[in-house]
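Number of protein chains: 2
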Amino acid sequence: MKVFEKLLEIQKKNNSLLCIGLDPQLEKLPEGIQRNTFGILEFNKLIIENTKKFVCAYKLNFAFYEQFGSEGFDLLEKTVELIPNEIVKIADGKRGDIGSTSQAYAKSIFQHFGFDCATLNPLMGVDSLTPFFEFDDKLNFVLACTSNPGASDFQKLRIDNRFFYELIIEKFTDNFTKEQLGFVVGATNELEFQSIREKVVDNFLLVPGIGTQGGNLARILEINRNRNIIINVSRDIIFASKEKNFIEKVIEKTLYYRNQLQVV
Amino acid sequence: MKVFEKLLEIQKKNNSLLCIGLDPQLEKLPEGIQRNTFGILEFNKLIIENTKKFVCAYKLNFAFYEQFGSEGFDLLEKTVELIPNEIVKIADGKRGDIGSTSQAYAKSIFQHFGFDCATLNPLMGVDSLTPFFEFDDKLNFVLACTSNPGASDFQKLRIDNRFFYELIIEKFTDNFTKEQLGFVVGATNELEFQSIREKVVDNFLLVPGIGTQGGNLARILEINRNRNIIINVSRDIIFASKEKNFIEKVIEKTLYYRNQLQVV
Chain A
32 MKVFEKLLEI QKKNNSLLCI GLDPQLEKLP EGIQRNTFGI LEFNKLIIEN TKKFVCAYKL
92 NFAFYEQFGS EGFDLLEKTV ELIPNEIVKI ADGKRGDIGS TSQAYAKSIF QHFGFDCATL
152 NPLMGVDSLT PFFEFDDKLN FVLACTSNPG ASDFQKLRID NRFFYELIIE KFTDNFTKEQ
212 LGFVVGATNE LEFQSIREKV VDNFLLVPGI GTQGGNLARI LEINRNRNII INVSRDIIFA
272 SKEKNFIEKV IEKTLYYRNQ LQVV
Chain B
32 MKVFEKLLEI QKKNNSLLCI GLDPQLEKLP EGIQRNTFGI LEFNKLIIEN TKKFVCAYKL
92 NFAFYEQFGS EGFDLLEKTV ELIPNEIVKI ADGKRGDIGS TSQAYAKSIF QHFGFDCATL
152 NPLMGVDSLT PFFEFDDKLN FVLACTSNPG ASDFQKLRID NRFFYELIIE KFTDNFTKEQ
212 LGFVVGATNE LEFQSIREKV VDNFLLVPGI GTQGGNLARI LEINRNRNII INVSRDIIFA
272 SKEKNFIEKV IEKTLYYRNQ LQVV
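So the sequence lines, in the order shown, correspond to chains A and B. Residue numbers for the first sequence follow the working numbering, beginning at 32 and rising by one. Residue numbers for the second sequence follow the working numbering, beginning at 32 and rising by one.
Bear in mind the hints are in silico, worked out from the structure with no lab data behind them. Just so you know, these numbers come straight off a predicted model, no measurement behind them. Incorrect hints may appear among the rest.
Copies of the same chain look alike in the list, so a pair counts if it works inside one copy or between any two.
To be verified - Mimicking DSS-like on lysine-lysine, the simulated pairs with C-alpha atoms at most 30 Å apart in a straight line are:
| hint | residue 1 | residue 2 |
| --- | --- | --- |
| 1 | K138 | K275 |
| 2 | K83 | K202 |
| 3 | K138 | K273 |
| 4 | K59 | K76 |
| 5 | K138 | K109 |
| 6 | K209 | K187 |
| 7 | K33 | K43 |
| 8 | K138 | K33 |
| 9 | K275 | K43 |
| 10 | K76 | K273 |
| 11 | K44 | K84 |
| 12 | K76 | K209 |
| 13 | K59 | K33 |
| 14 | K83 | K43 |
| 15 | K230 | K187 |
| 16 | K209 | K37 |
| 17 | K202 | K187 |
Bound conformation, chain A alone (with noise of 0.2 Å):
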C-alpha cells in the first residue's frame, strides 16, 4: 500500500490529523527518567504506547539523535520498532544532495530506518531530490515556507511577481505526483499556508510550529476546510511536564490537541 493510502486510512481510524514530534533532548527529561540513551529510549516507548491511538503519525527529528553518535542512531532504529506499523513514521532530515548522494540519504532513511515519509531541502534542485522520489510508494514532504524568522531571508523573496517558496512548489508538482510529494509550511506563515493551500489542493501538507513556536491551530485548519494536512506538535506535548507522573500530563496535551484535530 502507498504511504499516501496508508495515512488516509490511519487518520480515519484513528480520527486524527495529530503528529507528534519524537525530537528528545536531555536536559528535559522528566524525572525519574535517565538521561542518557537507554533513558531516551524509555521516554519515547512510554509516549508512544500512550499515544499511539490518538495520533496519524510520529516524526522523528534526526538531529536530536545524531547528537549521541552511533548511540543516537541505535536509539533511532529502535524508537522506529517501537512504532506500530498502521501508523506513519516521517524522518525529518531535511536532506538534500547532489544525485549519488541522496541515494544513500534515501536508502538509509527507506531501506535502513524503514521510515514512510522523509522531509527534503530543495535548494540544489529537482534532480538531487529525485532518488527519494524513486521509491514510488514513499511520501516526501519538500520544504516550501518554514516556521523560523529566517524563512523571510530567501523562501518569502519575491521573484518576477511570485514568491520563491512558489517556484519551489511549481518546479516540484511539475515532476511529482500527489501520491508522492508533500510540502513542508510553517504554521507561523498563515498568508504562506493559504496561497499554498489555494495552489495544491490534494498534496498533503505537513505543518510544524504549532504549539512552542505560536502557530495559531484554529485558524490554520479554517484555512485548510479539510485538505490533506497532518499538524505537527513536538515539544508542547512531549515535554508537557518534568514530573515523575509526566505521562499523565503527555496524554492530556495530546488529547487536547487530538480533539481539535478530528478528521471530520
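Following the hints, position chain B against chain A.
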C-alpha cells in the same frame, strides 16, 4: 587555534590544497576488502595512512555512513579518530533547520564527532544556521552554487539583477567573518565561480565537482589566482582501482591531483 588558521598551516606544511572525500560505497570497494563496515574502516584507514602527507583536509559525506545506520555512525566515529589532528576534518552533511534543531546538529558535528568544519544549507535563512557559527573557532561552508545540473533550478535564478546564489553570499557575509564562513562552489560552474571569487576575496571556497563530475581544475585554479581554496576529489581518488593493489593507484591519483594543487 581557529580552524581558519589550522587550514592555512596544514596547506603550507603539506604543500597541498587537496581534500580527499571519504565517501564509501560497498559495491565500489576493491578486491581483498570485506564488503561491510569493518571492511570500509580498513579501507578508510589505508587511504588516510597513505595520503595524509599530501592533503590539507578530509571530507566525510554523512550520507555514505548513515546508509548503515548505527553501524555507519560507529564507522564515522572511528574514521574521524584515524585522521591526524593537524589535518582539517570536514563534515559534509548540508545541514540546516530551525534554531533549536540546528543546535543539536552543531553539537553532533563539532562536539560529538569532533569535526573542524561543516557544510550547511542556507535555504531556511541566517537564523537557522547561527547555532553552527556560535562554535566560533570552527569554519562553516554555506552552499552557494552546487555542482549538479539542478543548481539551475533555484540557485541560478535571477532576482532583481542578481543571482540567487549572490543573495545567499551577501546575506551570510553580512553576518559572519571570513574566519568563520566559507562557501561551497561547484567546479562545474566556471562563470559562477568567477563571479563568486570576485565577491568573496578572502573567504575559503570549498570546491567539489573535480574528477568524476567533470569540472576543469586548471581553469578553476586560473580564475582563483591563489586565493583561499580547498579542492575536493572523492571517487576519482578513493575508487581509483578495484584491484588488490588499489592503494598504489590511490597514491598515484592523489599525487596527480596534489601536483596541480601546490600552495606555491
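Here is what the structure says about each hint:
1. K138 - K275: This pair counts as between: shortest inter-copy Cα distance 28 Å, intra-copy 39 Å.
2. K83 - K202: Close neither inside one copy (35 Å) nor across copies (43 Å); limit 30 Å.
3. K138 - K273: Between copies only: 24 Å across, 37 Å inside.
4. K59 - K76: within (16 Å within a copy, 39 Å between copies)
5. K138 - K109: This pair counts as both: shortest intra-copy Cα distance 18 Å, inter-copy 22 Å.
6. K209 - K187: Both. Shortest intra-copy (23 Å) and inter-copy (27 Å) distances satisfy the 30 Å Cα cut-off.
7. K33 - K43: For K33 and K43, the Cα distance is within 30 Å only inside one copy (16 Å; across copies 55 Å).
8. K138 - K33: within (17 Å within a copy, 36 Å between copies)
9. K275 - K43: So K275 and K43 fail the 30 Å test inside a copy (33 Å) and across (57 Å) alike.
10. K76 - K273: For K76 and K273, only the intra-copy Cα distance (17 Å) is at most 30 Å; the inter-copy one is 45 Å.
11. K44 - K84: Result: close within a single copy only, 9 Å intra versus 61 Å inter.
12. K76 - K209: neither (32 Å within a copy, 45 Å between copies)
13. K59 - K33: Neither: 36 Å inside a chain and 32 Å across chains, both beyond 30 Å.
14. K83 - K43: Classified as within; 14 Å inside a copy, 58 Å across copies.
15. K230 - K187: Close inside one copy (16 Å) and across copies (24 Å); limit 30 Å.
16. K209 - K37: within (14 Å within a copy, 49 Å between copies)
17. K202 - K187: Both: 16 Å inside a copy, 14 Å across copies.
Hint violations for this structure: numbers 2, 9, 12, 13, all remaining hints satisfied.
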